[in-house]
Amino acid sequence: MGVGFDVFLVVLGGLRAGASRAARLAYGVLSRRKAAEEGVARLARVLSALDLTALGVGSTLGVGVYVLAGDVAKNYAGPAVILSFLLAAVASVFAGLCYAEFGARVPKAGSAYVYSYVCVGEFMAFLIGWNLILEYIIGAASVVKALSEYLDSLCGKAISGQLREWMPMDVPHLAQYPDLLAFTVIMAFSVALAFGVKESTKFNNVCTGVNLCVVLFVIISGSFKADTANWRIPASEVPKTEGRDFGSGGFAPYGIAGIIKGAAVCFYGFIGFDCVATAGEEARRPQKSIPFAVVASLLVVFLAYCGVSSVLTLMLPYYMQDEKAPFPFVYDQLGWDWAKYAVSVGAVCALCSSLLGAVFPLPRIIYAMSADGLLFGWLGRVDERTQTPLVGTVVAGLFTGTLAMIFELEQLIHMMSIGTLLAYSMVAACVLILRYERTGATRTNDVPLTARSALRLLVNADAAATPTPRSARTVTLLVTLYGVWCMMMMNAIDSHGDKILSGAAWPTAVMALGLVLVIGTLYCISRQPVSEKKLAFSVPLVPWLPGLSILINVYLMLNLDYMTWVRFSIWIAAGLLIYFTYGAWHSAERRRTRLDEPAEQHADSHTALLAAAHALG
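Residues 1 to 617, numbered by my numbering, are exactly what the sequence shown covers, in order.
Derived from the structure by calculation, the hints contain no laboratory data.
Ideal placement from N, C-alpha and C gives every residue a C-beta, glycine not left out.
Hints should not be assumed to be uniformly reliable.
So the derived label-pair ranges between C-beta atoms look like this [stated by the list, open to error]:
hint	residue 1	residue 2	range
1	V191	G156	27 to 35 angstroms
2	A188	W338	28 to 36 angstroms
3	L481	R244	26 to 34 angstroms
4	E237	L515	15 to 23 angstroms
With a cut-off of at most 20 angstroms between alpha-carbon atoms, the simulated SDA-like pairs for lysine to any residue come out as follows [as the list claims (entries may be wrong)]:
hint	residue 1	residue 2
5	K225	G250
6	K34	S48
7	K534	C119
8	K340	G307
9	K225	T476
10	K157	L127
11	K533	M488
12	K157	G307
13	K240	Y254
14	K340	G250
15	K340	L127
16	K157	Q333
17	K157	R33
18	K533	K225
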């Protein structure tokens with residue numbers, strides 16, 4: 001009996017040790033970091049705050065003005081679309097500041113994928129990179145889809161009518177017909193890019209200038225036909241149909257819930273400002289110019305969206321808007337044919353500029369991940385003649401064109417919003433983790449962890465000034481828990497908002513518990529010792545501002561429809577399958593670390609022998 005029990009204890013100890021070793025190995029694989037490339041020539045610091053602001057405006061102002069305003073006004077928020085754009089702008093400012101700090105930690109220009117690989121670890125980098133691929137692919141697909149629908153509207157729906165007659169698609173959750181025009185345009189862009197055609201900055205600047213002029217024209221010309229009665233439509237005058245519910249009229253016909261759902265869609269209109277943060281190495285005074293340019297570009301874009309959506313809903317009741325091409329439709333109703341074509345020129349210029357901005361970064365991120373071994377090598381193979389990743393660019397174009405061909409624009413916008421919101425949430429979480437990481441070889445004598453010592457650690461009762469491995473692990477755990485609490489609280493608000501407002505006990509208690517946990521977790525994070533590493537730019541009010549960014553992003557994600565979550569889950573599952581079956585095994589960092597293993601194993605063996613000799617002695 002005693003011998004059997006001893007054997008059981010030995011086996012249990014062996015299993016525990018094996019599980020512990022497996023967990024350490026898994027953590028080592030998932031968190032291995034890429035060495036920052038030394039010796040890379042620094043870029044010339046020539047960009048002023050004005051240059052960076054123009055860059056942000058040009059990359060961001062596009063589909064939101066010419067398509068999104070009409071869609072959100074009619075289907076989600078009514079005239080309160082202005083507030084939806086405001087909420088989305090606030091979320092974007094917070095995300096932009098976090099992105100700027102993330103970029104300041106890496107001594108070279110690059111994307112969030114590069115930053116996270118150097119600073120956080122391989123698994124987080126793969127997830128962020130995979131979401132960036134989604135952002136660029138869906139971004140290009142949605143822009144070309146908007147361009148196709150705009151051209152179709154100018155042709156009196158002749159293209160869509162013919163395609164719907166020739167090739168109808170009666171499949172749930174897909175488009176009514178294959179959009180061959182969108183597929184052709186995106187393939188033309190991709191093939192041109194694959195054969196080494198470079199983006200013309202002059203063309204891009206001209207398009208942006210025309211775009212801003214047309215936005216001003218819309219606001220000024222529309223103000224002559226503005227009627228404030230369209231913001232005060234009584235419920236009795238709102239049309240009621242079996243298939244559509246246009247709310248209760250007034251300024252916010254769909255209520256607060258509609259404004260927030262609209263903000264989740266409007267967030268798409270602000271995607272693109274992150275290019276400002278990636279230009280940090282070329283900014284003259286990055287600590288001042290980057291945050292200024294992020295906020296200023298978003299302010300200019302918000303004012304454009306605000307002015308355009310105000311004029312749109314003042315000229316015509318929200319329920320009469322055209323979702324595909326609102327301005328040609330409005331000017332048609334007013335009998336201003338000349339204005340319709342003037343606006344259409346601006347729309348085509350803006351959408352072409354946005355399409356260039358979405359298509360060109362895609363081969364770069366695919367090439368970077370392929371070169372690091374996380375994606376298939378053939379995707380990043382550079383053609384000797386064209387000096388571009390030819391196969392990867394064409395494959396990405398085929399995939400993008402297929403998505404644009406078979407999905408509706410609204411579905412593409414939702415997909416892009418959820419991927420980008422998750423990527424921005426990850427960046428904010430990384431900022432929190434890195435702000436409290438150990439910067440040097442701090443020597444500590446960690447006491448055994450008990451309930452009392454854990455509580456003292458949570459609030460930093462010993463007033464430690466320098467981060468330790470234990471305090472850094474504590475922050476990582478707290479950030480993970482913070483994400484869970486955000487999901488719990490925001491899900492309660494999203495699912496039971498009306499019951500909470502009416503004072504129902506159970507939903508109110510869940511929300512209150514989530515609020516206490518969210519604030520308590522952020523307070524515990526704020527008590528931890530901060531890294532002494534000096535950065536060119538640091539987010540203010542850490543951990544509160546990144547925490548608020550995550551909270552808003554989570555809430556906006558929960559307001560997207562369930563089919564968007566299903567499609568996004570399929571995308572993430574495909575990414576995880578690629579990583580665990582290919583990327584984790586072919587990673588360039590794995591090959592590099594395996595070269596170092598023999599020396600480490602020799603050191604471990606030597607240590608083990610010394611320990612055994614000491615025990616025998």
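Against the structure, the hints:
1. V191 / G156: 27 to 35 angstroms: Check passed, 30 angstroms falls within 27 to 35 angstroms.
2. A188 / W338: 28 to 36 angstroms: holds (30 angstroms)
3. L481 / R244: 26 to 34 angstroms: violated (43 angstroms)
4. E237 / L515: 15 to 23 angstroms: Since the Cβ atoms of E237 and L515 sit about 40 angstroms apart, the hinted range of 15 to 23 angstroms is violated.
5. K225 / G250: holds (19 angstroms)
6. K34 / S48: The given pair, whose Cα atoms are some 31 angstroms apart, is violated under the 20 angstroms limit.
7. K534 / C119: Given pair K534, C119 holds - Cα atoms ~15 angstroms apart, limit 20 angstroms.
8. K340 / G307: holds (18 angstroms)
9. K225 / T476: violated (55 angstroms)
10. K157 / L127: violated (40 angstroms)
11. K533 / M488: Answer violated: K533 to M488 is near 34 angstroms, above 20 angstroms.
12. K157 / G307: Violated, at about 28 angstroms.
13. K240 / Y254: Between K240 and Y254 the Cα gap is close to 14 angstroms, so the pair holds against 20 angstroms.
14. K340 / G250: violated (28 angstroms)
15. K340 / L127: violated (43 angstroms)
16. K157 / Q333: Holds, at roughly 16 angstroms.
17. K157 / R33: Violated - the C-alpha atoms of R33 and K157 are around 52 angstroms apart, more than 20 angstroms.
18. K533 / K225: violated (56 angstroms)
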